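Chains as they are written, first to last, in the numbering used here: chain D, 1 to 357; chain E, 1001 to 1256.
Hints are computed from structural coordinates only; laboratory data are not their basis. Wrong hints could be hidden among the right ones.
[What the hints assert, rightly or not] Have a look at the derived ranges for each label pair, beta carbon to beta carbon:
1. Glu1238(E) - Ala269(D): 51 to 59 Å
2. Leu1076(E) - Val133(D): 21 to 29 Å
3. Pro1146(E) - Pro353(D): 38 to 46 Å
4. Leu1224(E) - Lys10(D): 21 to 29 Å
5. Asp64(D) - Arg1216(E): 53 to 61 Å
As the structure is a computational prediction, the values presented were derived from the model and not from experiment. Yeah, the Cβ is synthetic: ideal placement off N, Cα and C, and Gly gets one too.
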Amino acid sequence: MKKAVSSKIKKVSNLKYDQQLAESPFEWWGPSPDEARRVMSAKSKGMHDKRASLKEAVARYVKDGINIGIGGFVNTRVPVAAVHEVIRHGARNLTLSFQSNSICAELLAGAMILDPDRVSIKRVELAWWGYEVIGIAPLLRYLTSKGMIQLDDYTNYGMSARFKAAAMGIPFVPTRDHGGSDMELVNRGRMTSCPFTGKNVYLVPACHPDVALIHVTAADMYGNCRIFGAHCTCPEITMAAAHSIVTTEKIIPNENIRTYPNLTEIPYAAVDALIEQPYGAYPGASYGFHWFDMDHIKMFRSVCDAFRKTGKKDDLKKYYDEYIFGCETYDDFLEKISFKTLRKLRDLDGGQPIILS
Amino acid sequence: MANYNTMELMICTAARELEDGASVGVGTGAPCAAAMLAQKAHSPNLVILFEAGGAAPLIPEMPISVGDSRTTWKALMASSMPEIMETACRGMLDYTFLGGAQIDMYGNLNSTRIGPDHQKPKVRFPGSGGANDFASFCWRMMVMTPQDPKRFTERCSYITTPGWLEGGDSRAKSGLPLGAGPYKIITNMAVMDFEPESKRMRIIAINPGYSEKDVRDNCGFELLKADKLVDNAPPTEEELRILRDEIDPYRYVIGR
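Next up, chain D with everything else stripped away, as it sits in the complex (with noise of 0.2 Å):
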């Protein structure tokens, strides 16, 4: 049902895909706008404290076969501590949805290679997966050489307009990018004809993630978020959500909320469950409280670099058995991590200025 309006990608195309499935009925990766706004239905709208253990959190929301919206952008204010939880956890078929990412992707992964029985990542909706200076991302290059994992690709706008369509309860929206490129052909997106101007335009559908996980600056206990720095494409991503898990670095009074609600980047009614996890998005970077842990992000990217190249899983396991089974929370994990180097990161981030109060 794809492609009766097209660009002039076929003719330069060098890709070899399959027609009849790049042409087979769109389906849903996640609950679709009506499936969400029922989800939405059944919940209280008055304000609750929603907060909870991530164990608790994890336990409640994370299922086999859902959707998992990842948010923050490659390893800026990424929801490190909630993926952990969910290794731990465990959970398969999983579709993973963002923008672009690094660790937390690999991470899952990483855990899918060393046993698909606890954690196993069917789809990816993506735009990108990598380390941006450092290089490539070993994990995503071993799984989809293996074909291991089917990846459906679109730009970093095409996804964040993903999420804002279903943010905004409506089924597509119209980007004036994708066009011309092999993703035109072989995503899930669709080239149309404008009805006013019946000129080519394409439509990305909306993307519902069952849950959503989020690191933000600073939340009250309902949920209510701000997030300081670049926002990257949050707001949207825990409002597309059926269910949203948040991590904060610091639970603020619900009066400091009140005293600048133009602060608020996440309504509390779009939050299902809060966890007051500083350095929560280490070893990314949450602006205003640290900088990226550059040293552990390039030991774990070798440690998986090393699987890629050897086939050799030991070093691997090891990472996972020291970092996360070997943890009972992810504060179990951060005492792994010397003092000094979480306050060398704080220092690093150059003291951005947020506002608390």
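Since the structure of chain D is provided, determine the placement of chain E on it from the hints.
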């Protein structure tokens, strides 16, 4: 003449393209260095935007990520990815710089994968990220890349980012915003633009130390040539000083 390496030359060449009062969407690495150099050397009112949300920061030192806190340091706005990309889509971004594993004669770029089988790529790269967005939305897309015959290829294995597609008016007919497209290709050996009618890549300037033959030998397709080839000017002492002392003191990008 000052000593410099090819990365420094490429960054200086790119920086000279960015005039005062223009806006540029950049990623990390060489593009960010070029934008910072332009701002410090000759375009104080150059507006730099980062796709994770940073708009017009006063960048203290080289960010290592597009979401790095340095991309919103003393910025005018810390916004979001939708907001930055929608700003680009409504025509507010003049320039962007991209790279890629492959580029063809029309400036089409691959940063997704090598190998023909869609389900099982031989080599997978990170993917589009914001590359396709910026190239579709920004008025003038430039590429900074080292040049070799594998990278400058007859046909890309996958088109992540459309350039002029198959030339002529094929891009205009594809639904992409009119008037935007590939502008210049800056390599270690030369500077190329696109011939206005055919939209094929053509050599316009040769870098110091290289010949037209070097440029052709390191390209997997036939390059057109401007009526008059010029010699690309080497970096000035002042450009190198700013680049080395102020922008990249740890030489993350420019190397040693």
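Structure-based check of each hint:
1. Glu1238(E) - Ala269(D): 51 to 59 Å: With a Cβ separation near 55 Å, Glu1238(E) and Ala269(D) satisfy 51 to 59 Å, so the hint holds.
2. Leu1076(E) - Val133(D): 21 to 29 Å: For Val133(D) against Leu1076(E), whose Cβ atoms are near 25 Å apart, the range 21 to 29 Å holds.
3. Pro1146(E) - Pro353(D): 38 to 46 Å: 40 Å, holds
4. Leu1224(E) - Lys10(D): 21 to 29 Å: Holds, since Leu1224(E) and Lys10(D) (Cβ atoms, about 26 Å apart) stay within the stated range.
5. Asp64(D) - Arg1216(E): 53 to 61 Å: 56 Å, holds
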